[in-house]
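*Asks:* Using the sequences provided together with the hints, build the complete structure.
Take a look at the letters that make up each chain.
2 protein chains.
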Amino acid sequence: MTIGSFYPPQRTLMGPGPSDIYPQVLQALSRPTVGHLDPLFIGMMDELKQLLQYAFQTENTFTIAVSAPGSAGMEACFVNLVEPGDKVIVCRNGVFGDRMRENVERCGGLAVLVDNNWGEPVDPVLVERALVAHPDAKILAFVHAETSTGALSDAETLAKLARQHDCLTIVDAVTSLGGVPLRVDEWQLDAVYSGSQKCLSCVPGLSPLTFSQRAIERIQRRTIPVQSWFLDQSLVLAYWSGEGKRSYHHTAPVNSLYALHEALVLLKKEGLENAWQRHKDQHFELREGLEKLGIEFVVDEASRLPQLNAVYIPEGVDDALVRQTLLERYNLEIGAGLGALAGKAWRIGLMGYAARSENVALCLKALETTLK
Amino acid sequence: MTIGSFYPPQRTLMGPGPSDIYPQVLQALSRPTVGHLDPLFIGMMDELKQLLQYAFQTENTFTIAVSAPGSAGMEACFVNLVEPGDKVIVCRNGVFGDRMRENVERCGGLAVLVDNNWGEPVDPVLVERALVAHPDAKILAFVHAETSTGALSDAETLAKLARQHDCLTIVDAVTSLGGVPLRVDEWQLDAVYSGSQKCLSCVPGLSPLTFSQRAIERIQRRTIPVQSWFLDQSLVLAYWSGEGKRSYHHTAPVNSLYALHEALVLLKKEGLENAWQRHKDQHFELREGLEKLGIEFVVDEASRLPQLNAVYIPEGVDDALVRQTLLERYNLEIGAGLGALAGKAWRIGLMGYAARSENVALCLKALETTLK
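Going down the list, the protein sequences come from chains A and B.
In terms of full-length UniProt numbering, the numbers along the first sequence are unbroken and rise by one, the last being 372.
In terms of full-length UniProt numbering, the numbers along the second sequence are unbroken and rise by one, the last being 372.
Any given hint could turn out to be false.
Unchecked claim - Simulated restraints on C-beta separations: (1) B:Thr223 / A:Lys344: 32 to 38 Å; (2) A:Ile224 / B:Ala302: 38 to 44 Å; (3) A:Arg183 / B:Ser234: 35 to 41 Å; (4) A:Val132 / B:Gln324: 57 to 63 Å; (5) B:Glu270 / A:Lys344: 46 to 52 Å; (6) A:Arg183 / B:Asn117: 50 to 56 Å; (7) A:Gln188 / B:Glu315: 53 to 59 Å; (8) A:Gly294 / B:Ile224: 46 to 52 Å; (9) B:Glu315 / A:Gln27: 45 to 51 Å.
What the hints assert, rightly or not - So the derived list for chain A, only partly shown, Cβ under 10 Å to chain B, looks like this: (10) Met1; (11) Pro18; (12) Arg31; (13) Val34; (14) Gly35; (15) Pro69; (16) Gly70; (17) Pro204; (18) Phe230; (19) Leu231; (20) Pro253; (21) Asp318; (22) Val322; (23) Gln324; (24) Ala366; (25) Glu368.
Unchecked claim - Stretches of chain B that chain A covers, calculated by requiring three or more beta carbons in the stretch to come under 8 Å of a beta carbon on chain A: (26) 13–19; (27) 199–208.
Note that these hints are calculated values from the structure, not bench results.
Because the structure is a prediction, the values reported are computed rather than measured.
Glycine residues also receive a C-beta, built at the ideal position from the N, C-alpha and C atoms.
*Replies:* Written out as structure tokens, the structure is:
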């Protein structure tokens, strides 16, 4: 059998990511490849760093994009900051908190779990209790915006508690970056990772990452090497440093970085505050329509993510069949439930370029017709 | 300062990779993004697996592309196959053999080094001696085509020795895949990784990977979990398996996988044997011209890679200035020396789409003029 070229359809992506990609980003993606040590490329990398600093609202020197998806960004934080025997308080209120626990354990660390129900934010009272009970804990890890449930946690308060108990913070901002306020410096977060394919509306495959000076110092004080060569950020830093000669670490994903640069140029042009507001506005439009259809949200309004709307599947409705119809008839993707919410919820994303009235209108009408 | 879109120049890429990208591959790259669990995307992944099996000349069920560059593919092999305390014989005749040692040590393994001079192939006699001296060794690791020197080692013979001593093989085929014969099944190689940006002429950022049944069984017999969550192939397998329901592991780099699919469609269309011959033919053209310029090769003819020509920088020539002139005047990139060859050699790549007469002609004339 001869395999020919693959021509994907034009979908509207309203799942938990990848989100709709800006057309300009796809254009940037296919520009001519240059070498990863080409001076012009290095100049672009310097710009990219500045743009990432803007998106993260940080002046951290160590602000880069990991050459792999968000889960590698998560792992980069843990393998660099956790040494065998280290105690890490891990907040778990969805799939990604549990993945953090996995990471701690695979680093030889000891994970102390703070559990909240799926769909709820991380409870600072429980976190404080754990910090008091474990004065030897070195790190507090939590998910800012849980992609599996659509719950937003109070990163500022959690980070403050961590500092009071002399802990660094590792923060999953995969779904929050660009969609809701995230202020790395003001909130004094230490290690924050994200993904390219959510509210930045770039192609999947890169993980923006920033480390505070406190995090860098912790890495420099390590006594055993980082267990991952690929994710050892002390090696990667030499490539991204911008000071003097670049040293080769690995071949950068050149074209994907063009795309991320373009996505961030667009974000800067719109302005972070405007982007946050747009997500909120579109969320209100979507919410109004969903409520008219009698569809209920998983997360309380106070901690609901505008960019990721987890809603209960109405009773008697065939989950898979509805999603299949949306995809086949309307070329519209919404997300299935994950983990504890599998089969019980849908996740409707309004991320980045997907957060537009035409998307909301399509989604509402298509759902209305399909659910009839 | 406002940062605008980045418009890279059109370079001719004749370094050690990334190589010139097929125009069709760049077109495929920018096709509309679909979800990583979209049935049409999963269909493409199944085709991609078949195409990778063709490129590797294997029927291994576990044949995938790691969602990260070649160095992550290397790490995927080591973290999955090496357990703490395992003895691994590592052949070192360039930068990438030494990176293998790093990987073994970071996995808690014990690396036994077999050293050959830079520019020489791995010597099977030395390898056999090491296998005899270390009957408890569990793995033999070597680089098929050393990207840092341009030397080709005899993978078939080395793998045979490994089997005779009950060792699995980990083989770096980053620069060999698609450029010189590589027959995973016939040679009975166990864990083989490559890169997208070399002789496949795809964008950088993906690492084709294949595991034999023996390797899979070794992984299944592990007593401690793989230290990397992201690279734990027992988890990844569930996503790529193609049997029944796909389980989510990480968000696949959708567009990069379109590009790899297209690059492999082109390779299949040309035919592997034809591609190997084309690399050889272009190498002869280049060699003839370089010899006329009095330029000498680092590697003996018998083990010289056609796709990566490491040549000594003529005496009295300013290395950096020549490369800068080629880049600025001719938009031509050739590679600097790496490691022990830094400042002493250039690496001229003829990889994939770069292996064309027009590239060779440009390179020879530009070098001739610049060296005058």
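*Asks:* Flag every earlier hint the structure violates by its number, smallest first.
*Replies:* Going through the list in order, the structure violates hints 21, 22, 24 and 25 and respects the others.
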